[in-house]
Amino acid sequence: MAPEEVAVAGTAEGLPAHAPDRFGFGTEASDARVALWDIDVRPDGQGLPPGRGSVAQGRDVFNIHCVACHGPTGTEGPNDRLVDSEQWDAVPSTRTVGNYWPYATTLYDYIRKAMPQLTPGILSDDQVYAVIAYILWMNEIVSEDAVMDAETLPAVIMPARDKFVVDDRIGGTGPIR
Numbered sequence: 001m002a003p004e005e006v007a008v009a010g011t012a013e014g015l016p017a018h019a020p021d022r023f024g025f026g027t028e029a030s031d032a033r034v035a036l037w038d039i040d041v042r043p044d045g046q047g048l049p050p051g052r053g054s055v056a057q058g059r060d061v062f063n064i065h066c067v068a069c070h071g072p073t074g075t076e077g078p079n080d081r082l083v084d085s086e087q088w089d090a091v092p093s094t095r096t097v098g099n100y101w102p103y104a105t106t107l108y109d110y111i112r113k114a115m116p117q118l119t120p121g122i123l124s125d126d127q128v129y130a131v132i133a134y135i136l137w138m139n140e141i142v143s144e145d146a147v148m149d150a151e152t153l154p155a156v157i158m159p160a161r162d163k164f165v166v167d168d169r170i171g172g173t174g175p176i177r
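Residues in the sequence shown are numbered from 1 upward in steps of one, following our numbering.
Calculated from the structure, these hints are not laboratory results.
Please read all numbers here as calculations on a predicted model, not as lab measurements.
Careful: at least some of the hints might be erroneous.
Straight-line distance between alpha carbons at most 25 angstroms, and here's what the computed SDA-like set of lysine to any residue pairs gives [what the hints assert, rightly or not]:
| hint | residue 1 | residue 2 |
| --- | --- | --- |
| 1 | Lys163 | Thr152 |
| 2 | Lys113 | Ile170 |
| 3 | Lys113 | Arg33 |
| 4 | Lys113 | Gln46 |
| 5 | Lys113 | Asn139 |
| 6 | Lys113 | Ala150 |
Restraint ranges, calculated between C-beta atoms of paired labels, are given here [claimed, not checked]:
| hint | residue 1 | residue 2 | range |
| --- | --- | --- | --- |
| 7 | Thr73 | Gly24 | 52 to 62 angstroms |
| 8 | Phe23 | Asp167 | 34 to 44 angstroms |
| 9 | Phe23 | Asn63 | 27 to 37 angstroms |
| 10 | Thr106 | Gly26 | 29 to 39 angstroms |
| 11 | Asp31 | Pro72 | 35 to 45 angstroms |
| 12 | Val166 | Phe23 | 21 to 31 angstroms |
| 13 | Ser143 | Gly24 | 57 to 67 angstroms |
| 14 | Ala19 | Asp162 | 48 to 58 angstroms |
| 15 | Asp80 | Ser30 | 33 to 43 angstroms |
| 16 | Gly51 | Gly171 | 31 to 41 angstroms |
| 17 | Thr94 | Asp44 | 20 to 30 angstroms |
| 18 | Asp167 | Ala35 | 21 to 31 angstroms |
All residues carry an ideal CB built from backbone N, CA and C; glycine is no exception.
Could you build the full structure based on these sequences and the hints that come with them?
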């Protein structure tokens, strides 16, 4: 037998005559199951869940869950600084919520998924809104009586918003298949 014939014969030998319609494992991805994983938040606020939190409530959440990594005022570290009002014409020396983030809703998306660093996902929706209110207040973006929720958070105009270029390209020829 030629080498090509051996290769073909070897691959065809173990195949079933008819593949099964189902493999018999897993469960259907119901709308309820997908909703548990569909937690992205867009800059316009689409995807924000119900809930609300004030600056005062956020101070408490921050002191419990955030201060060890970001310091009592959000400037000490050892991890990234959260507070800095240094304005920039080019790129700031330290990129923080107050001088670099273009959308406040991105804070919700990031904090909900990735914070606190050692126990991500433990904060309730109300706690996430509250800690965002506190971080925005520390950066002098909102007033001390501010309350963040699915309506107020997308309305926050971040200081660096107009430093970014909107990507309005349509691109592609249709949905990926």
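Structure-based check of each hint:
no., hint, in the structure
1, Lys163 / Thr152, "holds (22 angstroms)"
2, Lys113 / Ile170, "violated (28 angstroms)"
3, Lys113 / Arg33, "holds (17 angstroms)"
4, Lys113 / Gln46, "holds (16 angstroms)"
5, Lys113 / Asn139, "holds (22 angstroms)"
6, Lys113 / Ala150, "holds (17 angstroms)"
7, Thr73 / Gly24: 52 to 62 angstroms, "holds (56 angstroms)"
8, Phe23 / Asp167: 34 to 44 angstroms, "holds (40 angstroms)"
9, Phe23 / Asn63: 27 to 37 angstroms, "violated (50 angstroms)"
10, Thr106 / Gly26: 29 to 39 angstroms, "holds (33 angstroms)"
11, Asp31 / Pro72: 35 to 45 angstroms, "holds (43 angstroms)"
12, Val166 / Phe23: 21 to 31 angstroms, "violated (44 angstroms)"
13, Ser143 / Gly24: 57 to 67 angstroms, "holds (58 angstroms)"
14, Ala19 / Asp162: 48 to 58 angstroms, "holds (56 angstroms)"
15, Asp80 / Ser30: 33 to 43 angstroms, "holds (38 angstroms)"
16, Gly51 / Gly171: 31 to 41 angstroms, "holds (35 angstroms)"
17, Thr94 / Asp44: 20 to 30 angstroms, "holds (28 angstroms)"
18, Asp167 / Ala35: 21 to 31 angstroms, "holds (28 angstroms)"
Comparing the model with each numbered hint stated earlier shows that hints 2, 9, 12 do not hold.
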